[in-house]
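> Spelled out, the chains give:
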Amino acid sequence: MTPDSEVNKPVIIKVNAHIYGLDTVDPHLTLLEFLRESLHLRGTKQGCGTGDCGACTVIVATGEAPNESRHAINSCITPALAVAGKQVITVEGIASDQGLHPVQQAMVDSNASQCGFCTPGFVMSLVDFTASNKVSETSSRSDVIATIGGNLCRCTGYRPIVEAGLIACSTSSDTDLAHLRISQEESRLLAKSESIEGYIKVDSESAFLDELNTSEPGSRLILSGGTDAWIEVTSRLLKYDKIIDISDVATLKHIGVQDGILSVGACTTLSRLLSFFSAGACRSEAMVNLLKRFGSKQIRNRATIGGNLCSASPIGDLIPALLVLEATAVLTRANGSRILDLEEFIEGYRKTALAKDEYLSKISLSIPESWSSFAFRKLSKRYEDDISSVSIAVFLLHDNVRINEIRIALGGAGDRALRLFEVEKIILGRRLIDIDWKAVSDTLDRTIFPISDVRASADYRQSMAIASIKEMVDQFFLSSSGS
Amino acid sequence: MTSNERHESSVAHVTGQALFVDDVVLPEGALHIAVGVAEDPRAELTKIDLGNVITSHGVVDVITAWDIPGANQVGPVVEDEPLLVKSDVQYTGQRIFAVAATSQELARRAVAKADIDCSTKPAVLTIHDALKVDSTVTPTRYWGEEDPDALFDNAATVVDESIYIRGQEHFYLEPQTALALPNEDGIYVLISSQHPGDVQRLVANVLGWPMNRVTVECRRMGGAFGGKETQAAPLACLCAIFAVRQQRAVKYTMTRNADMTQTGKRHDFSIDYRISCDDQGYLEAAYFRLAAKCGYSADLSDGIVDRAMFHVDNSYYLPRSKIVGHRSKTNTVSNTAFRGFGGPQGMLAMECAMDELAYKAGLEPLSFRQKNLYRPGFATTPYGQNVESFILPELIDELAKQASYWERRGEIKRVNSRGQRWIKGISLNPVKFGISFTTTHLNQAGAMINIFEDGSIEVNHGGTEMGQGLYTKMKGIVAREFGVDVGVIRNTSTRTDKVPNASPTAASSGADLNGMAVLEACRSIKANLCAFARDKLGWSSEPVFLSNRVSPSDDKSGADAISFPAFIKKAYLARIALSAKGFYKTPNIFIDKDAGIGSPFYYFANCAAVSEVAVDRLTGNYFVSRVDILHDAGNSLNQTIDLGQIEGGFVQGLGWLTTEELKWSENGTVLTDGPANYKIPTAHDVPEIFNVRFFKRENSVPTVSRSKAVGEPPLMLAISVWCALRDACASVANYKLMPKLSVPATSEQVYYCIEDAARAASRLDTHEAC
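Protein chains in written order, with my numbering: chain A, 116 to 598; chain B, 102 to 871.
Since the hints were made in silico from the structure, they are not lab data. In this text, all values refer to a predicted model and were calculated from it rather than measured experimentally. Do not rely on the hints blindly, as some may be mistaken.
[Claimed, not checked] EDC-like, lysine to aspartate or glutamate: derived pairs with alpha carbons at most 20 Å apart: (1) A:585 / B:856; (2) B:187 / B:145; (3) A:585 / B:717; (4) B:764 / A:568; (5) A:354 / B:206.
Model the full structure from these sequences, guided by the hints.
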């Protein structure tokens, strides 16, 4: 039973097995600080503060359905109030009366910890993996590796951690976290959690519009996953008068297909997008590969497609893909909506066409007849959880002789992700052997302006752009003739 | 004597119960520190106005150099490192003032409000520039023959090349942290440091106190790798000063960004070398000129460059040599210890040279290496120490067999000749690593054993636990000595008031030194217990400690056996001393560092690895497809722990040589200031086939259980990955030449290496066609 003193507070959060009612929480407090400083749960660690090391991994759960609703996230770049009305599961909570959680036991048995600082994060990533129906009989080493791609360990060399993950796949069961289930009563209670001054969690688009119309861009932060925005809060100590959390607006999370048009709500997480493209009519290996290398699992569980587009990064892995798929952005304001091509939506370096009283509600695109006409490449210093040096998306249709349609877009080669219209013109209508690659190369030299930075040199980016485009165009012909 | 006990903290680790410094719940009123730093690499401070800092919300105290009660000095070896700079700024990121506030965030906000002016001065930012103006932190050392040019007269094959080896960020997962609590006697410091003894010395020094007023404790570190040998002490000093001024608890935990920009890293080395062999393929002479980017102060650089110089021979007999080591002073953060301590850089240069020389002489690289290994009659190192135990010839043979090196090498050459997009490379590289601190006085250790009247045992020693499993190994030693389960033993946290004057836990020496001291302490108590059994229990034979029982050795029936706790209780009641100290110093080591002559190492640890890589010619992307390691850990003290060290060390070395690329700005700031842009390996980067085997041979010198040190050597095994990448690139030139490859070999650098090889190949073809 939860004491009444907890029940009648505005902010309600369940952490492990306990319900906490709170009068107020600093809107700028991160979830990690809340756990460590307010609740003295020091098992969850801060390794980097930027969502890159995974030491702060916790699981967030909503509702009573135990499995689908549980996700591992980085608590260091999540606002504490983002989990109001939800449950947070930490490393302290997962062992039960029966003893260690199977993941913990497997980690111990495999000698998977040395210094132990990263360990709680790995444990939570693996608990999420093994407990969320994500494991099947075919779960393999590569699945375990992918699930811990956002967790860094500097001591073990990972081999024993991967081994522990594999063992836990077979020793875990649905009941491992039964002691942490959200009861019906708790669920009702959590649903009562309210916004507080300075941190508004809107539950509908109209409420969102009200907030937009009564605030100014400089003093507000619109946040869904916050995987980019919240780093500014923790690293640069930025303060906002008002944080508008739109992550729970159901209508902004809709993925639907109608008349061959795919529309994706702006607050759809990359993880949901990844599941969407993993199965069913829209199954696309290229999209899956793109999304698997987008951040880490913890990031993808928070980050959204809308956040990716609105941050308008010059690399923005999804952006080149959406450019060649000719996606459109739906911008909504109080008196209606407008639809912009993505090229119009993104106006420059981290700059979009959004007016101050407007928001991105969804992204639409025509589903290609076959996803095999779409390809994507990402080059980065490290395979997992790294920002691209260059990313290349190509959409190409051919009749085994000529190229009848081609669209190419590039990330990391200028102030924004670019469609390469001039290059497309050189290739369009050609036979593979007739493509003037020298002209493509010259055109690229003229039209793209990559920079040298910590990730790669301008020269390498330039070389990779041309090499990848050629390789991808070749591959379209190779793969179709092979089949 | 091998055992396989699990890491003593494994359950605490997986449940989140293992306490790190930052996890300790602070007493009320505790303060948090943030530090204001210089933004220019070299400057004269002209104004430090902290008015707005002092009045900033939450600020309780602010200090500058003028507020330090004792010496403004935190240099670990040379006194060239101020805690807070007064006027002469030496690097971007140097500490100018410190703020103590009620929270870390408020301290950080206050720091940003400082008004600091300076007049900038010309800075030296690279090794190249430092060499030009002869800027050094300590004098250059010249070892070996007088005239290097004379070494190469009449040589059949000579290689004259250079390599620039970039540094490495430690990226321990736990950022630097310290906590100070004032008490009646002085001050107590809880810290994440490999060297609590030196933290104690420096805290006492900045406070102007004797060392007996300062107690320093370290239970565990969240990774260290050398990065917490000296770099944690300044944090403790700042905490201590504030704690004494304010009489409250003070904590300083660095943000990751502060840690990566303000603390030292592995040294960059620029190494020029000339090396020759005769027409039989035997090495004749070598000249190595090493220059390390030390940063603005000496820190441990003198020893690091020495160790690099001690390891340029790696595993090979060099009849004649000249080795020069410059300690270049640059206006950058002072570089520091990092697993291998200069050894990896020296060894990498040699392995790089060996490949080049083999190619030039037309020899297969592994055969060339095997031929030149230290062997009877060819056993003297360039610094005059004799290699006495010839492990590597046999170890390499065995590894080559286990890994099917020769078959795979042939197959790879065959497949590569087809000119496909993906090419492969393979390399087998040995490691011979000298064990002992080359600073001879550090080769000492103390330990303490307390047996309590209930039979439970406390072991304590000067070594620190950073994840490497030292505590686990020490418990194992005690358990074996007293014949009890490890469960009855607790290795309590490392404290300067339990075992004083301890050396840093470094140089792979933790288990060797502390293990012998622990053994000594155990044996001292056992001597008391033996006398007790003889005199008081009337046993006619020595007591045997086995299976939690004690019995006379001539008691075949077991009738006289007593449980260990009961035996201890009797001993206690008989007023037997159940507490003892142990002390150990490594015998037979000495070195004249200026002459470069001596026998600095107690023994050598050996290992070798075969790595295979697959490389995409189009992009330079690659992955490591298979690694086989054979490791000489002597009579391993704990194979479970040692396996972890080998795998972890290898992957850390892999990161250094592949994806971990430190980039610097034009004003000497590190641009790669967080994990978003500095990429250490993830699980994906670990080879799927990763075979680690032990070469089981007891140490020829008397170490604890005849084991061998295992902390650092495996890091250098990753050199085989770098060499394999280069081997793959060489295939593009049909193995006719060895193309240059940068360190680290990022995909981008591998791409350029392939391009170079392709260009060179076409030049060769043209040449041959003429």
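> Would you mind marking each hint as holding or not holding in the structure?
Verification of the hints:
Restraint check for residue 585 of chain A and residue 856 of chain B: satisfied, since their Cα atoms lie roughly 17 Å apart, inside the 20 Å limit. For the hint pairing residue 187 of chain B with residue 145 of chain B, the CA-to-CA distance comes to about 9 Å; that is within 20 Å, so the pair holds. Annotation: proposed proximity of residue 585 of chain A to residue 717 of chain B holds, straight-line Cα distance about 15 Å (limit 20 Å). Taken as a hint, the residue 764 of chain B and residue 568 of chain A pair is honoured in the structure, with Cα atoms around 9 Å apart against an allowance of 20 Å.
At most 20 Å may separate the alpha-carbon atoms for a hinted pair to count; residue 354 of chain A and residue 206 of chain B meet this at roughly 12 Å.
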